[in-house]
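A.B. asks: The primary structure of each chain is shown beneath.
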Amino acid sequence: MELLYAITLGVLTSCGTYLLLRARTFTVILGLTLLSHAVNLYLFASGRLVAGAPAIIGIADTMADPLPQALVLTAIVIGFAMTAFVVVLALKAAVELRNDHVDGENPDEDRT
Amino acid sequence: MNHVLILPILLPLLTGAGQLLFYRAPFAVQRLLGFASTAWLVLLGLWAIVTAGAGDYLIYQAGNWPAPFGIVLVLDRLAAIMLALTAVLGLCCLLYASGGTDRRGAHFHALFQFQLAGLNGAFLTGDLFNLFVFFEILLIASYALLLHGGGRARSRAGLHYVIINLAGSALFLIALGTLYGLVGTLNMADLAQRIAAAPAEDAPLLAAASLILLVVFGIKAAILPLLFWLPRAYSAASAPVAALFAIMTKVGVYAILRVFLLVFALGEAPVNETAWNWLWPLALLTLALGGIGVLGSESLRTLTAYLVILSVGTLLATISLATPAALGAALFYLVHSTLMAAAFFLLADLLGQQRKEGYDRFSAVGPIGHRWVLGSLFFIAGIAMAGLPPFSGFVSKVWILQASGAQPGGLWLWGILLASALLVIIAISRTGSSWFWRPGEMATPYPLRRGLLTLVYSMVGLNALLAAFGDPVMAYLALTAEQLFAPQGYISAVLPEATAPTWEVAP
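Chains as they are written, first to last, in the working numbering: chain A, 1 to 112; chain B, 1 to 507.
Careful: at least some of the hints might be erroneous.
Computed, partial: chain B to chain A, Cβ under 10 Å [claimed, not checked]: (1) 147; (2) 184; (3) 298; (4) 466.
Please keep in mind that the hints were generated in silico from the structure rather than gathered at the bench.
Think of the CB as a built atom: it goes at the ideal place given N, C-alpha and C, for glycine as much as any other residue.
All chains, please: the whole structure from these sequences, using the hints.
C.D. replies: What follows is the structure in structure tokens.
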């Protein structure tokens with residue numbers, strides 16, 4: 001399970017980083033979303049991966065660490081709000097600047 | 001337990017929520033609420049300075065949960081200074097914004113209060129994950145404040161600012177996950193103990209986590225490879241917002257101090273040495289780049305943004321010397337540079353309003369209204385900014401030079417600091433002569449806002465007061481630095497039952 005988890009994390013992070021470095025706002029936002037997924041999974045794994053164990057003391061012999069789950073919940077909420085904000089901001093910038101390049105100007109087009 | 005300690009967070013949070021709920025109320029009510037809250041914050045800041053001045057740590061356990069399990073707020077001298085500075089700066093910015101800037105967009109006052117709540121929370125919290133949450137609160141408020149007033153330049157700068165900070169947040173969480181996975185706690189005091197006792201094979205991972213945190217705080221503080229978002233963002237923001245942002249880079253500096261002098265400072269081979277070794281050359285380069293940027297700026301606001309970068313470079317270079325004397329000097333410089341950068345952003349707006357064309361751009365050469373009043377203000381503020389006597393910039397710089405002279409590599413700091421100070425003087429005097437000296441008097445000047453002028457004057461006056469009362473201020477800051485270099489006190493205050501072994505404190 002650990003190997004599968006690690007590979008997933010690696011793929012998500014590298015895709016996210018690649019997209020983050022693109023020049024269009026939409027791909028950058030996709031990259032940020034993938035990166036935040038990877039980060040959430042990483043935080044979740046920081047309490048160690050255990051299967052079939054509740055996050056409550058005293059029910060079963062083994063128990064999962066509840067704290068990373070709480071942290072992930074917080075991180076998900078914050079990440080969701082931030083993504084919503086950056087989507088709206090990118091739309092606003094695309095309308096105002098008439099293009100969706102992250103620098104607000106398209107180097108391929110002739111500047112008039 | 002003293003419940004006053006949570007008020008600096010709760011008061012602006014509730015005020016901001018109230019302003020959002022009653023946004024249809026007359027605008028004067030919104031302003032009044034904002035003023036009331038911020039004035040109370042100033043009083044709370046003074047209370048914090050007096051309380052923390054006694055040398056004890058004030059602990060607030062949220063929900064009465066004991067320390068490593070619940071979230072604690074900790075008030076020490078450094079937190080008290082930052083609280084007071086934020087409150088005073090916030091009040092000045094709010095007063096200036098009430099000159100009319102706050103009407104140019106929706107919800108300015110609510111966002112302003114949320115920003116203050118996030119700042120105060122970041123300064124008070126004793127938990128690393130909670131620090132992340134307060135960072136996000138202050139960031140999301142700052143995103144919206146940066147866009148306040150609208151316009152193409154703000155959208156463009158805002159996009160860069162938001163994206164780099166979102167990437168920074170992701171990195172912050174990666175560092176937190178690594179730390180939690182290794183030592184199983186996120187309370188700063190508990191972290192410090194457990195990292196010191198961590199087995200040797202964990203050391204590379206801990207160092208990696210500490211360096212990721214350095215990158216995150218470096219984005220906030222604008223250290224060299226991570227600072228290119230700053231000039232555009234700060235020069236695009238409206239004047240009171242840019243002035244408030246003067247404290248935002250200092251949040252990064254605060255976090256670096258807190259984390260690297262507490263969390264990674266203990267143990268036989270402390271983790272923070274790696275960070276200091278990186279920070280020293282990067283900070284010097286930041287300082288040099290700030291000086292060059294000041295000289296090459298195209299407008300007064302960009303110039304001020306590079307002055308912010310220059311101040312961050314000075315601060316971090318001094319801090320990475322890692323001696324109590326240097327740290328005290330750096331803290332004095334922190335207070336001075338925050339106040340003066342804010343005053344300069346406001347001054348740029350005041351001057352820009354009086355010019356017929358070009359606003360604050362240097363390329364435009366035209367007469368300026370009220371040449372003598374504004375010219376003398378610019379002259380005095382320029383002297384204060386450049387760090388010439390009799391202002392506190394001079395006192396703090398002399399202190400920095402004194403503290404660093406005996407250190408290895410201190411001569412580098414001397415050279416670069418003095419050279420960039422010279423560049424600042426050249427840039428400011430060039431601006432002054434081309435704006436006030438060369439062109440003649442304007443025939444029909446625009447009306448001058450006496451209130452706003454007095455506000456900027458009093459901010460510069462406050463700076464002079466800091467120098468006039470330099471002795472008690474310096475004594476307080478020296479004690480602050482000593483307290484920061486004795487993290488055992490912090491740990492035993494937060495975790496009273498822990499039998500803390502007395503580790504040697506790393507230089």
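A.B. asks: Does the interface hint hold: is residue 298 (chain B) within less than 10 Å of chain A, judged Cβ to Cβ?
C.D. replies: It is violated, given that the least Cβ distance between residue 298 (chain B) and chain A is near 17 Å, above 10 Å.
A.B. asks: Against chain A, run the beta carbon of residue 147 (chain B) and see if the smallest gap drops under 10 Å.
C.D. replies: holds, 7 Å
A.B. asks: Hold the hint about residue 466 (chain B) up to the distance rule: shortest CB distance to chain A must be less than 10 Å.
C.D. replies: Interface hint status for residue 466 (chain B): violated (37 Å vs cutoff 10 Å).
A.B. asks: Does the closest beta carbon of chain A sit nearer than 10 Å to the beta carbon of residue 184 (chain B)?
C.D. replies: holds, 8 Å
Of the numbered hints listed earlier, those contradicted by the structure are 3, 4.
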